[in-house]
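Asker: Put together the whole structure using the sequences plus the hints.
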Amino acid sequence: MNDYRGIFADGLWNNNVVFAQMLALCPLMAVTSTATNGLGMGLATTAVLLASNIVVSSLRHWIAQEVRIPVYVLLIASLVTLADMAINAWLHELYKVLGLFIPLIVVNCCVLGRAESFASKQPVSAAAADGLAMGLGLTLALVLIGACREILGSATLFSHASLLLGPAFTFLETTLIKDYHGFLLMLLPPGGFLVLGFLLAGKRVIERVAEKREVKEEFHCSVQ
Amino acid sequence: MISHWLKPEIRQSSGYPILLLGGVALLVSTAIGIANLGTNADIARRQLEDLQVTLQQVVPAEYYDNEPVRDTVTIQEGDRSVQVYRARRKGQVQAVSFRTTAPGYGSSEMVLIVGVDRDGKLLGVRVISHAETPGLGDKIETSKSNWILGFTGRSLSDPPPAGWGVKKDGGVFDQFTGATITPRAVVKSIKGGLEFFAAHRAVLLDEASGGHDQ
Chain R
0 MNDYRGIFAD GLWNNNVVFA QMLALCPLMA VTSTATNGLG MGLATTAVLL
50 ASNIVVSSLR HWIAQEVRIP VYVLLIASLV TLADMAINAW LHELYKVLGL
100 FIPLIVVNCC VLGRAESFAS KQPVSAAAAD GLAMGLGLTL ALVLIGACRE
150 ILGSATLFSH ASLLLGPAFT FLETTLIKDY HGFLLMLLPP GGFLVLGFLL
200 AGKRVIERVA EKREVKEEFH CSVQ
Chain L
0 MISHWLKPEI RQSSGYPILL LGGVALLVST AIGIANLGTN ADIARRQLED
50 LQVTLQQVVP AEYYDNEPVR DTVTIQEGDR SVQVYRARRK GQVQAVSFRT
100 TAPGYGSSEM VLIVGVDRDG KLLGVRVISH AETPGLGDKI ETSKSNWILG
150 FTGRSLSDPP PAGWGVKKDG GVFDQFTGAT ITPRAVVKSI KGGLEFFAAH
200 RAVLLDEASG GHDQ
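Note that the protein sequences, when read in sequence, are chains R and L.
Residue numbers for the first sequence, in numbering that gives the first Met the number 0: 0 to 223.
Residue numbers for the second sequence, in numbering that gives the first Met the number 0: 0 to 213.
Hints in this document: simulated from the structure, not taken from any laboratory.
All the pointers check out, no bait thrown in.
A short, non-exhaustive set of chain L residues, derived as facing chain R with CB atoms under 10 Å: (1) Leu-26; (2) Ile-42; (3) Pro-133.
With a Cα cut of at most 25 Å, we get these calculated SDA-like pairs of lysine to any residue: (4) Lys-6(L) - Pro-69(R); (5) Lys-95(R) - Ala-34(L); (6) Lys-95(R) - Thr-132(L); (7) Lys-143(L) - Ser-128(L); (8) Lys-95(R) - Val-110(L); (9) Lys-143(L) - Met-185(R); (10) Lys-95(R) - Leu-148(L); (11) Lys-202(R) - Ala-19(R); (12) Lys-95(R) - Arg-98(L); (13) Lys-143(L) - Leu-164(R); (14) Lys-202(R) - Pro-188(R); (15) Lys-166(L) - Ser-144(L); (16) Lys-177(R) - Trp-146(L); (17) Lys-6(L) - Val-66(R); (18) Lys-95(R) - Gln-56(L); (19) Lys-89(L) - Glu-66(L); (20) Lys-95(R) - Gly-32(L); (21) Lys-177(R) - Pro-133(L); (22) Lys-95(R) - Ser-106(L); (23) Lys-143(L) - Leu-99(R); (24) Lys-95(R) - Ala-40(L).
Bear in mind the structure is a predicted one, so any value in this text is a computation, not a measurement.
Think of the CB as a built atom: it goes at the ideal place given N, C-alpha and C, for glycine as much as any other residue.
Answerer: What follows is the structure, given as structure tokens:
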């Protein structure tokens, strides 16, 4: 029953939070002006998703149907508050970069969505895997969109990565074009929508190509 | 199986959802309370460190041998209070730094920190937080432009009052291409900060009371 491969395929590609479910667009537009911000927000959300899925799943036999949504909201909001306090106290550099956006995780509907549609019906191990997979899928999307916007908007990639990940990651910080004048539109929310649109179209193209190949292979099989 | 711990009669009773919701609320607020106790000292220390770093940018280290973040005086001006950090060397106040605000483009406020020496000369100005348009108004940041450094060494008499404005308004300070409102507000706010210093100079320099020990 615990099909971890399927869970990860769902989270990363088939049912990706951003590219398939089209959830979490508000934090997406707000933070993805650089790849580093996207990565930080993605990892923070992953931690919350993982924790909330585990908690909701382990409480699933006690939670009464009538009050399940308020209970989930309560649990998620407190997990986010705990994460906010922990990051502020012990990862203060990261907090200075992401501080404004961490409370936004509460309103990220993908956390509540996974609690309601997956964790409340599945055993703890599967729910944890789902939280991790969905979180990583979201992180992937945030980094991808952030990277596109950063490259087009300011011709850098992973700027300030050392602030987020520590000085060992300074090598990630690259400047692609020196004296680039910047493409302001990409850094503003409309740029986020544009990039998202093109990436969605790209995903469709890949899926269509894969589908065609599958059909062809089936056809060959039947001829033989 | 865990679910068997609960008798079905209890689960089906009308009070169960209420008890559940209350119980969960009690549990999570306890957890948050404990976490707050565990982190608030660390958070306060970090914030003090941040403030120290900010103050160091506007008051050079040779101006003090004390800890300005701990040597503060609060001035009440109208309905807002300004906390002033005093930089002393050998007990005498050499410079002060304080926050000042300016209305940004749009509805948000910009917060600046200003360092002033005892003669009313600016030692440095930095923008701590703002929500100006990226690429236009954000040239007030040192990471984007040197513009804000141009205030260092200025005072209320340099330039004279009429010159305290952006060039478009007949002043001496540059505006940005495509953004005049932001620099105009910053110039006005810095001038306001200098006037604030002039008005409260004796208290800020700790000379009104005859200079007590810190």
